[in-house]
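Generate coordinates for the entire structure from the input sequences, incorporating the hints supplied.
2 protein chains.
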Amino acid sequence: MSKFWSSLAKQVEPYIPGEQINDDTIIKLNTNENPYPPSKQVIRAIDEASKNLRLYPSPTVDELRSEIGNINELSKDHIFIGNGSDEVLAFSFMAFFEPGKRIKYPEITYSFYPVYAKLFNISSEQIMLNDDYTIPIERFYDSDGGVIFPNPNAPTGIYLELEAIKQILENNPSHVVIIDEAYIDFAKESAVSLVEAFPNLLIIQTMSKSRSLAGLRIGFAIGSPELINGLERIKNSFNSYTVDRLAIAGAIEAIRDNDYFQQTTTKIIESRTYLKNQLEARHFDILPSQANFLLISHKEVNAESLYQELKKQGILVRYFQKPGLENFLRISIGTPEQIEKLLEKIDHIIKPSP
Amino acid sequence: MSKFWSSLAKQVEPYIPGEQINDDTIIKLNTNENPYPPSKQVIRAIDEASKNLRLYPSPTVDELRSEIGNINELSKDHIFIGNGSDEVLAFSFMAFFEPGKRIKYPEITYSFYPVYAKLFNISSEQIMLNDDYTIPIERFYDSDGGVIFPNPNAPTGIYLELEAIKQILENNPSHVVIIDEAYIDFAKESAVSLVEAFPNLLIIQTMSKSRSLAGLRIGFAIGSPELINGLERIKNSFNSYTVDRLAIAGAIEAIRDNDYFQQTTTKIIESRTYLKNQLEARHFDILPSQANFLLISHKEVNAESLYQELKKQGILVRYFQKPGLENFLRISIGTPEQIEKLLEKIDHIIKPSP
Chain A
0 MSKFWSSLAK QVEPYIPGEQ INDDTIIKLN TNENPYPPSK QVIRAIDEAS KNLRLYPSPT
60 VDELRSEIGN INELSKDHIF IGNGSDEVLA FSFMAFFEPG KRIKYPEITY SFYPVYAKLF
120 NISSEQIMLN DDYTIPIERF YDSDGGVIFP NPNAPTGIYL ELEAIKQILE NNPSHVVIID
180 EAYIDFAKES AVSLVEAFPN LLIIQTMSKS RSLAGLRIGF AIGSPELING LERIKNSFNS
240 YTVDRLAIAG AIEAIRDNDY FQQTTTKIIE SRTYLKNQLE ARHFDILPSQ ANFLLISHKE
300 VNAESLYQEL KKQGILVRYF QKPGLENFLR ISIGTPEQIE KLLEKIDHII KPSP
Chain B
0 MSKFWSSLAK QVEPYIPGEQ INDDTIIKLN TNENPYPPSK QVIRAIDEAS KNLRLYPSPT
60 VDELRSEIGN INELSKDHIF IGNGSDEVLA FSFMAFFEPG KRIKYPEITY SFYPVYAKLF
120 NISSEQIMLN DDYTIPIERF YDSDGGVIFP NPNAPTGIYL ELEAIKQILE NNPSHVVIID
180 EAYIDFAKES AVSLVEAFPN LLIIQTMSKS RSLAGLRIGF AIGSPELING LERIKNSFNS
240 YTVDRLAIAG AIEAIRDNDY FQQTTTKIIE SRTYLKNQLE ARHFDILPSQ ANFLLISHKE
300 VNAESLYQEL KKQGILVRYF QKPGLENFLR ISIGTPEQIE KLLEKIDHII KPSP
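For the protein sequence lines, the chains are A and B, in the order given.
Positions 0 to 353 (numbering that gives the first Met the number 0) are the ones given, in order, by the first sequence.
Positions 0 to 353 (numbering that gives the first Met the number 0) are the ones given, in order, by the second sequence.
Simulated from the structure, these hints should not be mistaken for lab results.
Note that this is a predicted model, so its numbers are computed, not measured.
Hints may be right or wrong, so weigh each one.
In this list, chains with the same sequence are indistinguishable; a pair is considered to hold if it fits within one copy or across any two.
DSS-like cross-link-like pairs, simulated, lysine-lysine; straight-line CA separation at most 30 Å [claimed, not checked]:
hint, residue 1, residue 2
1, Lys321, Lys340
2, Lys117, Lys100
3, Lys9, Lys75
4, Lys50, Lys310
5, Lys2, Lys165
6, Lys9, Lys100
7, Lys2, Lys117
8, Lys50, Lys165
9, Lys50, Lys39
Okay, here's the thing in structure tokens:
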């Protein structure tokens, strides 16, 4: 603590992201990156855009907003762009959640939510999941200050049907319900079809996972123009130019190259099924994931030791030192080759030769 | 106003940036961009970095921090990186200024400061400039909650000597004094030499002006490790990855190519002198600028009309509809060719042919 820090700087409890290492020999399955590179169109667009770097980017990011609107059959007035979905989440907490009014989110969920709540002085009620790790829908009704949860949930990967989301929206008519769809492209369907019927619905998505652009920092929100306008007010009081020229140019092409997006997403979903089956054959318990990761546990294997052993052998997965998750590992879906390597190492670790 | 907005979203008064237009035929002298492109090394580094976009960037940005530390003879622990200097400013208001305690900034200054004060509920005292638009040093002593001003000031361009800054630091021993050095590379010298002596000094710089990278969004702070640590706490409670892979790679090379930086900066300073002399010969009053712009006025010419006329003729300059600045125009320093064009148009407008 320093005497120069504000009480805010003293009170926050910063988020700790997964390890980011710079070592090409490591198989990195710990932060849900896409194992495939972005579309070649993205790289070409970035190369072209690098000619104009002396000029500020567009503060309104209209072209990208229109592209994202198009694929969702909405106008650009329904779209807000941010510097990664974390920034969009932070602005959303500021724009829609009121200090002193309690918001609801699941007890096991993206661990940045409690960090934002602390930063912006928002009180919160953490809703325990059901025994099967699904979300108890009714307990999200009638919130005092709003609702936020990921769909699929993280790190469980469990998907909630639109019918249930509709119930939560209908039972929070005066508050904003934020659905954090970071992993939705690997799941059944987005709640975007509910946007026109529910002015209190804000959907947040990212290009970091399904569009292979974690390194480019593009997140976005989809919602009624009045919600988007609220986000714009906060953003324009914070930073006029949150998204750089290269990121805008690349993101536009990532949306346009739909074929590539469909191909890589399909491959990841197929690999997820394969890895699930293989791990189940090795007696792992696996939650039914619709994301690009699996949350796994094993009755006879200590999760933390397995994480450590895998790390020693050059494979990085995610271990959470958090209540309720002590014996779980989260494994991002890699390429088929990476998955074979992972299985080989797991076999070596859990069934040591006599 | 929407019923879904927080009281914060309702109360903010968003900043309005200068016009950003997408028209190559316009001479754009309104947002203090560098008229020269970035170093070729920057473009090559971006091209190389675009190969790894599927992976998250470094959340700690250590390599860029070390490079910036090096040129300032400081360690990376004295450096904080943000998504443009506006983001660094926003985090600084959160980290160092306390709601309820009054900060001081000049009445004529960067107009984002009152926006941040409103957003973070910081009260403030706006200090009137002296009649010659210089900063009244003593009036910044003994602040209740901290001090912030740009050096050179914006949009006056007037530079404050280090001896005066030292006085302000010594007379605010318990509060952070932020010097916003967005334009310092066009001026006499940075206050960075005071960092080791004053743990309450935070310097904020940007790559948008002198490094020709407005389109890339890199700003940074230089200060004591305890201040940098405070900024890290806020940033890690807001967004783990604020700076993308391409921006990091480009910024590193922009720092490394010192020769190019010196050449372009020298050219701009020479052009500033030339433009000043030329405008003075046309009876404009010009504040003594050490930035990459001039703030000009003319007793017989209405600033707003001149702005409008220049715009019609394809030259964009900045007109502020603000008390105290009604009869001023801010003109960014362009290339020699752009300056000749500007003078030609001004001659045409203010001395119409009979």
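Results for each hint:
For the identical chains of this complex, lysine 321 and lysine 340 are intra-copy neighbours only, at 28 Å inside a copy versus 64 Å across copies, given an alpha-carbon limit of 30 Å. With identical chains, the CA atoms of lysine 117 and lysine 100 are at most 30 Å apart both within one copy (13 Å) and between copies (21 Å). In this homomeric assembly, lysine 9 and lysine 75 come within 30 Å of each other (Cα to Cα) only across copies, at 22 Å, whereas the closest approach inside a single copy is 39 Å. Taking the closest pair of Cα atoms, lysine 50 and lysine 310 come within 30 Å of each other only across two copies (25 Å); inside a single copy the shortest separation is 41 Å, beyond that limit.
Taking the shortest Cα distances, lysine 2 and lysine 165 sit within 30 Å of each other only across copies (20 Å), while inside one copy they are farther apart (48 Å). For the identical chains of this complex, lysine 9 and lysine 100 are neighbours both inside a copy (22 Å) and across copies (16 Å), given an alpha-carbon limit of 30 Å. For the homomeric pair lysine 2 and lysine 117, the shortest alpha-carbon distances inside one copy (20 Å) and between copies (23 Å) are both at most 30 Å. In this assembly of identical chains, the alpha carbons of lysine 50 and lysine 165 never lie at most 30 Å apart, being 46 Å within a copy and 41 Å across copies at closest.
In this homomeric assembly, lysine 50 and lysine 39 come within 30 Å of each other (Cα to Cα) both inside a single copy, at 18 Å, and across copies, at 10 Å.
Consistency with the previously given hints fails for number 8 only.
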